[in-house]
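**Student:** Protein chains in written order, with the working numbering: chain A, 3 to 228; chain B, 6 to 255; chain C, 13 to 649.
Please note that a few of the clues may not be correct.
[Claimed, not checked] Here are some of the chain C residues that sit facing chain B, going by a computed Cβ distance under 8 Å:
(1) Gln142
(2) Gly152
(3) Ala251
(4) Ser290
(5) Arg395
(6) Arg474
(7) Thr478
(8) Thr480
(9) Pro555
(10) Gly556
(11) Leu561
Keep in mind that the hints were calculated from the coordinates and are not lab data.
Everything numeric in this text was worked out from a predicted model, so none of it was measured.
Note that beta-carbon positions come from the ideal geometry of N, C-alpha and C, so glycine has one too.
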Amino acid sequence: MRRVLSLYRSSVGKKILMAVTGVIFVLFVLAHMYGNLKAFYGSEKFNHYAEFLREMGAPIFGHGQLLWVFRIVLLAAVGIHVLMAIQLWLLSRSARPVSYVKGLQSEESTYASRTIRWGGVIIFVFVVYHLLHFTIGTAHPSFVPGAAYENLVIGFQSWPVVLAYAVALGALCLHLYHGVWSALQTLGANHVRYNKYRRPLAVIVAAAVFVGFMTVPAAVVAGIIA
Amino acid sequence: MDLGLNVWRQAGPAAQGGFVRYEAKDISEHASFLEMLDIVNERLTEAGEEPIVFEHDCREGICGCCGLVINGVPHGPQHGAATCQLHMRHYKHGDEIWIEPWRAKAFPVMKDLMVDRNSFDRIMQVGGYISVRTGSVPDANAVLVQKEDADLAMDAASCIGCGACVAACPNASAMLFVSAKVSHLGLLPQGQPERRDRVLNMVAQMDEEGFGNCTNHGECEAVCPKQISTDFIAQLNRDLFGASLAATGR
Amino acid sequence: MELDPKVPSGPVQDKWSKHRFDLKLVNPANKRKYDVIVVGSGLAGASAAASLAELGYDVKCFAYQDSARRAHSIAAQGGINAAKNYQNDGDSVWRLFYDTVKGGDYRSREANVYRLAELSNNIMDQCVAQGIPFAREYGGLLANRSFGGAQVSRTFYARGQTGQQLLLGAYQALVKEVATGKVQMIHRTEMLDVVIVDGQARGIVVRDMTTGKITTHTAHAVVLATGGYSNAFFLSTNAKGCNTTAIWRAHRRGALFANPCFTQIHPTCIPPSGDYQSKLTLMSESLRNDGRIWVPQKQGETRKAGDIPESERDYYLERLYPSFGNLTPRDIASRRAKEVVDDDRGVGELKNGVFLDFRDSLQRLGRSVIEERYGNLFEMYERITGENPYEVPMRIYPAPHYTMGGLWVDYNLMSTVPGLFVIGEANFSDHGANRLGASALMQGLADGYFVIPYTIGDYLARIGPTKTDPEHPAFGDVRREVEERTKKLLSANGKRTVDSFHKELGNIVWEACGMARNHQGLEQAIERIPELREQFWKDVKVPGRGDDLNQSLEKAGRLADFMELAELMCRDALYREESCGGHFREEYVTPEGEAKRDDERFAHVAAWEFTAVGSSPTLHKEPLTFENVPLSQRSYK
Ligand SMILES: Cc1cc2nc3c(=O)[nH]c(=O)nc-3n(C[C@H](O)[C@H](O)[C@H](O)COP(=O)(O)OP(=O)(O)OC[C@H]3O[C@@H](n4cnc5c(N)ncnc54)[C@H](O)[C@@H]3O)c2cc1C
Ligand code: HEM
Ligand code: HEM
Ligand code: SF4
Ligand code: F3S
Ligand code: FES
Numbered sequence: 003m004r005r006v007l008s009l010y011r012s013s014v015g016k017k018i019l020m021a022v023t024g025v026i027f028v029l030f031v032l033a034h035m036y037g038n039l040k041a042f043y044g045s046e047k048f049n050h051y052a053e054f055l056r057e058m059g060a061p062i063f064g065h066g067q068l069l070w071v072f073r074i075v076l077l078a079a080v081g082i083h084v085l086m087a088i089q090l091w092l093l094s095r096s097a098r099p100v101s102y103v104k105g106l107q108s109e110e111s112t113y114a115s116r117t118i119r120w121g122g123v124i125i126f127v128f129v130v131y132h133l134l135h136f137t138i139g140t141a142h143p144s145f146v147p148g149a150a151y152e153n154l155v156i157g158f159q160s161w162p163v164v165l166a167y168a169v170a171l172g173a174l175c176l177h178l179y180h181g182v183w184s185a186l187q188t189l190g191a192n193h194v195r196y197n198k199y200r201r202p203l204a205v206i207v208a209a210a211v212f213v214g215f216m217t218v219p220a221a222v223v224a225g226i227i228a
Numbered sequence: 006m007d008l009g010l011n012v013w014r015q016a017g018p019a020a021q022g023g024f025v026r027y028e029a030k031d032i033s034e035h036a037s038f039l040e041m042l043d044i045v046n047e048r049l050t051e052a053g054e055e056p057i058v059f060e061h062d063c064r065e066g067i068c069g070c071c072g073l074v075i076n077g078v079p080h081g082p083q084h085g086a087a088t089c090q091l092h093m094r095h096y097k098h099g100d101e102i103w104i105e106p107w108r109a110k111a112f113p114v115m116k117d118l119m120v121d122r123n124s125f126d127r128i129m130q131v132g133g134y135i136s137v138r139t140g141s142v143p144d145a146n147a148v149l150v151q152k153e154d155a156d157l158a159m160d161a162a163s164c165i166g167c168g169a170c171v172a173a174c175p176n177a178s179a180m181l182f183v184s185a186k187v188s189h190l191g192l193l194p195q196g197q198p199e200r201r202d203r204v205l206n207m208v209a210q211m212d213e214e215g216f217g218n219c220t221n222h223g224e225c226e227a228v229c230p231k232q233i234s235t236d237f238i239a240q241l242n243r244d245l246f247g248a249s250l251a252a253t254g255r
Numbered sequence: 013m014e015l016d017p018k019v020p021s022g023p024v025q026d027k028w029s030k031h032r033f034d035l036k037l038v039n040p041a042n043k044r045k046y047d048v049i050v051v052g053s054g055l056a057g058a059s060a061a062a063s064l065a066e067l068g069y070d071v072k073c074f075a076y077q078d079s080a081r082r083a084h085s086i087a088a089q090g091g092i093n094a095a096k097n098y099q100n101d102g103d104s105v106w107r108l109f110y111d112t113v114k115g116g117d118y119r120s121r122e123a124n125v126y127r128l129a130e131l132s133n134n135i136m137d138q139c140v141a142q143g144i145p146f147a148r149e150y151g152g153l154l155a156n157r158s159f160g161g162a163q164v165s166r167t168f169y170a171r172g173q174t175g176q177q178l179l180l181g182a183y184q185a186l187v188k189e190v191a192t193g194k195v196q197m198i199h200r201t202e203m204l205d206v207v208i209v210d211g212q213a214r215g216i217v218v219r220d221m222t223t224g225k226i227t228t229h230t231a232h233a234v235v236l237a238t239g240g241y242s243n244a245f246f247l248s249t250n251a252k253g254c255n256t257t258a259i260w261r262a263h264r265r266g267a268l269f270a271n272p273c274f275t276q277i278h279p280t281c282i283p284p285s286g287d288y289q290s291k292l293t294l295m296s297e298s299l300r301n302d303g304r305i306w307v308p309q310k311q312g313e314t315r316k317a318g319d320i321p322e323s324e325r326d327y328y329l330e331r332l333y334p335s336f337g338n339l340t341p342r343d344i345a346s347r348r349a350k351e352v353v354d355d356d357r358g359v360g361e362l363k364n365g366v367f368l369d370f371r372d373s374l375q376r377l378g379r380s381v382i383e384e385r386y387g388n389l390f391e392m393y394e395r396i397t398g399e400n401p402y403e404v405p406m407r408i409y410p411a412p413h414y415t416m417g418g419l420w421v422d423y424n425l426m427s428t429v430p431g432l433f434v435i436g437e438a439n440f441s442d443h444g445a446n447r448l449g450a451s452a453l454m455q456g457l458a459d460g461y462f463v464i465p466y467t468i469g470d471y472l473a474r475i476g477p478t479k480t481d482p483e484h485p486a487f488g489d490v491r492r493e494v495e496e497r498t499k500k501l502l503s504a505n506g507k508r509t510v511d512s513f514h515k516e517l518g519n520i521v522w523e524a525c526g527m528a529r530n531h532q533g534l535e536q537a538i539e540r541i542p543e544l545r546e547q548f549w550k551d552v553k554v555p556g557r558g559d560d561l562n563q564s565l566e567k568a569g570r571l572a573d574f575m576e577l578a579e580l581m582c583r584d585a586l587y588r589e590e591s592c593g594g595h596f597r598e599e600y601v602t603p604e605g606e607a608k609r610d611d612e613r614f615a616h617v618a619a620w621e622f623t624a625v626g627s628s629p630t631l632h633k634e635p636l637t638f639e640n641v642p643l644s645q646r647s648y649k
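Could you build all of it, start to finish, from the sequences and the hints given here?
**Tutor:** This is the structure in structure tokens:
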């Protein structure tokens, strides 16, 4: 704890915490994406998978227990990630009280790097909505607990919903395009020999997440999943 | 060539600043950017006006005194060079040029284009050195240093402390400067004993001075007159991670 | 006044250790009772301030830049000498000593030079321990190069930025002491006068360049480390801010000024490109190791370098000095360049340079090797001239670079004013009439790290710890004088800018007291300078206020002192009726046109005592004896 605190005390440490939680997100999102793709195997398999999520860890863990462990880890990660993001954001804003009248020419920075904070906000809003949509169900017209597959199919019947997801995934995609690369830099994972692979890795993850996630709503719209 | 200069004039730290436009007529392409400003200043002085205040000394890109944001780019369009090494052949007749000072909370403007960069010195004071007393040292060749390490350390050590990295950073972060300093000493065997405290204390002081946080934009490297690599920032992050987990320092 | 160099007795190689034993010591518990002012934070100043603070003295260090790290030492490129003999090529303390005395054309003090050579090794140890990233061999050992005028490889270097790295080392030692509170670093503050109480230097008067506030500071001793005065020429390789104010003001208060005419013209600088030229850039002399210097044989040559056949090129240094070739010492290389340019064989648009050609070494060693050795210098050159030296030869021409002259100091580095010490380039150093490459960094650090810490202790022990009374009338008087001078400059309110005067002065000094000097030219200059000085005080225009950041005022104050120094330089050059080292009098040459010394009449230091502005100064002589390096005519044939 003392060690985490000494990280929390410095701006660089805060940034490292962001990177660590960021990496947790990445792993979760990739796993989640993989799970979603089961939708193509039809209702039974998918709901079975949703069921599995709750049964996993048995017999050591009871029904839904291990899932809750994951949820708590995720919640904590989001808490840290967002808190750090806000603190660092404020720090950087106060670091240049008088901004350039002519504005800075950007030479190296990317659209993704410059929008990462707003991208984060979009993602945050999305996740909240998304939970209400598929997990809690309040944001879902005909939500049936446990019937993940049906919820999903019905959920994506409406255009606006699909659009909202597309936007969110776009934001996430950009977030990761800079984020994954940035996290490696922040965690000091750099080496003259491997540095050239850092950017491609970020591109692959970002693209995979966008495509991987979008296929499901797309398929629903296209009627492949019904 | 003739140029239009829009120069930031500010009477003092507290004063309200603004752009003033000057004509710089028949400037030679061989003149340096600062020599161009000299000419403008000579004419201002003859006209009884106060010349434009800008910092400079060596005029060969090594002392780190000079530094202007020219058309939104610290040290101007030429990569790997300080403002004083910029020559007018990079401009053409009729160009409109905007000149601003470094802008950061930790670099308050003193007058016109001159800023106070002592925050850098204060960062150095908390650990940017190796604690040896005069005389209490072994023979120069007693400690061998791998050529690769020496060269890399030299890359970092070539920083001239101009502050362009801060000026260019969208977050006004001083990470490139600090990482260069930390890496220079951290890469050498002589720097190992104080390595952990050095990084912890220098980063702490950096925060205290009110610099922003690095989000890895990479603008700093692009404008750095010595082209210090952002790899050193990763190096610093790694060192700080390690040092924090060891939980030493102040 | 009797000049006593206080050189210890005994054989030269034992003098320093004997002397160190004889020096009084300050009891460790008492050291904190002593305040020392160090003016300057270059190699000499920073190393001195740091070392004195480590010993326990309370140190105030002043610099006109915003940070100690920006002192002009930062610009040194080539390297630093040390008699380590790591290359096993027959180097030794004795050889470095010998080379330096000979290179200085027998106008330096043997005892000082030997000490310098001796300390060179401690300096390297110190700098490496500070973490200075010197160039290394693949085995991890320190690398060496041979440097202008030396036949052994004793020069240590850090890329082309040796001065920067050495200064950062000293700066780091300094900030370490600032952190402990033993050193108070006072930036952006210019020393405008020294205060003498009962015959002892007891403080200084400074101007805060940000607020314009003029204040006084007291101390038990004052150390001047304010660098050289090459900017008397206006165009030089020195930083724009380099000035003579500190030492000149001290001179006016009684410190003798030694050999002011001993200035060094560096052979490898980039020629001016127009009248707006504000300073000249040096190309490290190490370039001469692999570059060949030549000019066209034909006068008024119009062809491009590449189109001039080998047979029509004149590699004049190789022709005149077969054994040293392009590595002949600076003074000779410079003079020969002037000759060929005056002979209308100069190159470049303005016909004001000679070629430094890498064609052959590029063929011999390949681009990668040359890049490794000189990469950043080549870039620097291209940036400034727009020409690519990998394709077309560099154009170079000599430029004022270093001043061997300076305030006279004894073996303890104390001037003729008790308590006023002078170190680094500011003193009339150990380089005699000509400085060898890579020796100034060595001297600055020797003075600061290893000499002053001992010798100042001896002085302090003698005067005792009683504090100086800041209320003593002397302080008020000097402060008022300074304020008067500042007002005078601001109120002149004439028509001409400071720089226009400085350029005019520079021209006069360059023509009369530059690379080649003669009786007539010097006499004219000695008439012209006072006239210009008067005009300056009447007609200078200094806009702005005194109680504000005012760069014109700073420049004006410095120029005012250069105006007086310039006259002394010319008087000294006129007095010294011989040619030696950097001082070349056209009347005194050997049949081959080499500098001709006159050891009967001039084997002495000419130390001048200030009388009054405009009236001729009083000469004092310190005879020089050479017991270990027999006097001989320098020959680099
Ligand atoms: C371009 C160049 C290249 C060189 N290359 C080499 C080389 O390769 N090898 C070598 O041995 N030598 C070299 N030299 C010479 C060497 O760099 C200098 O002689 C040496 O660095 C002088 O150091 P210093 O500490 O005496 O003075 P400086 O480094 O000049 O320091 C002067 C200090 O005094 C302060 N100061 C000056 N006036 C005042 C004032 N009135 N009030 C308050 N503070 C004041 C300044 O702020 C500064 O801190 C080179 C010189 C130049 C110009
Ligand atoms: C929950 C809402 C989120 C917010 C508010 C948010 C915000 C941010 C911000 C502002 C940054 C930049 C931090 C900096 O560089 O200073 C950042 C970085 C990052 N984010 Fe997020 N983010 C969120 C969600 C996510 C998600 C879901 C992922 C992964 C799928 C993620 C992965 C990352 C990564 C890897 C970084 C890089 C960390 C670094 O630069 O070292 N973030 N986030
Ligand atoms: C089109 C894309 C997506 C689809 C179809 C989808 C689908 C689902 C479904 C069906 C659930 C409910 C699982 C269950 O309760 O059994 C769920 C939960 C969840 N999803 Fe998504 N999701 C998508 C994108 C995302 C994205 C991009 C994120 C994060 C940035 C995300 C984060 C979550 C979270 C945190 C949960 C809650 C997990 C839990 O604790 O139960 N989802 N998702
Ligand atoms: S890192 Fe580069 S830009 Fe930043 S201070 Fe050093 S030299 Fe200047
Ligand atoms: S531009 Fe700024 S964000 Fe980091 S990489 Fe450089 S400091
Ligand atoms: S003036 Fe020294 S770096 Fe530009």
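**Student:** With a cut-off of 8 Å, does the beta carbon of glycine 556 of chain C approach a beta carbon of chain B closely enough for the hint to hold?
**Tutor:** 5 Å, holds
**Student:** Holds or violated: is there a CB of chain B closer than 8 Å to the CB of glutamine 142 of chain C?
**Tutor:** 6 Å, holds
**Student:** Closer than 8 Å between Cβ atoms is the bar; does leucine 561 of chain C clear it against chain B? Give me holds or violated.
**Tutor:** 5 Å, holds
**Student:** With chain B as the partner, please determine if threonine 478 of chain C meets the hint condition of a C-beta pair closer than 8 Å.
**Tutor:** Because about 28 Å separates threonine 478 of chain C from the closest Cβ in chain B, which is outside the 8 Å limit, the hint is violated.
**Student:** Against chain B, run the beta carbon of arginine 395 of chain C and see if the smallest gap drops under 8 Å.
**Tutor:** 5 Å, holds
**Student:** Can threonine 480 of chain C be said to touch chain B, with a Cβ gap under 8 Å?
**Tutor:** 27 Å, violated
**Student:** Against chain B, is arginine 474 of chain C within 8 Å by beta-carbon distance?
**Tutor:** Violated. Min distance 23 Å.
**Student:** At a threshold of 8 Å, is the proposed contact between proline 555 of chain C and chain B supported by beta-carbon distances?
**Tutor:** Interface hint status for proline 555 of chain C: holds (5 Å vs cutoff 8 Å).
**Student:** Hey, does the serine 290 of chain C contact hint survive, CB to chain B under 8 Å?
**Tutor:** Where the cut-off is 8 Å and the nearest Cβ of chain B is about 5 Å from serine 290 of chain C, the hint holds.
**Student:** Mind checking the CB of alanine 251 of chain C against every CB in chain B and telling me if the closest is under 8 Å?
**Tutor:** 4 Å, holds
**Student:** May I ask you to test the interface hint for glycine 152 of chain C with respect to chain B, counting a Cβ-Cβ separation under 8 Å as satisfied?
**Tutor:** 3 Å, holds
In summary, the structure is inconsistent with hints 6, 7, 8 from the numbered list given earlier, while agreeing with the others.
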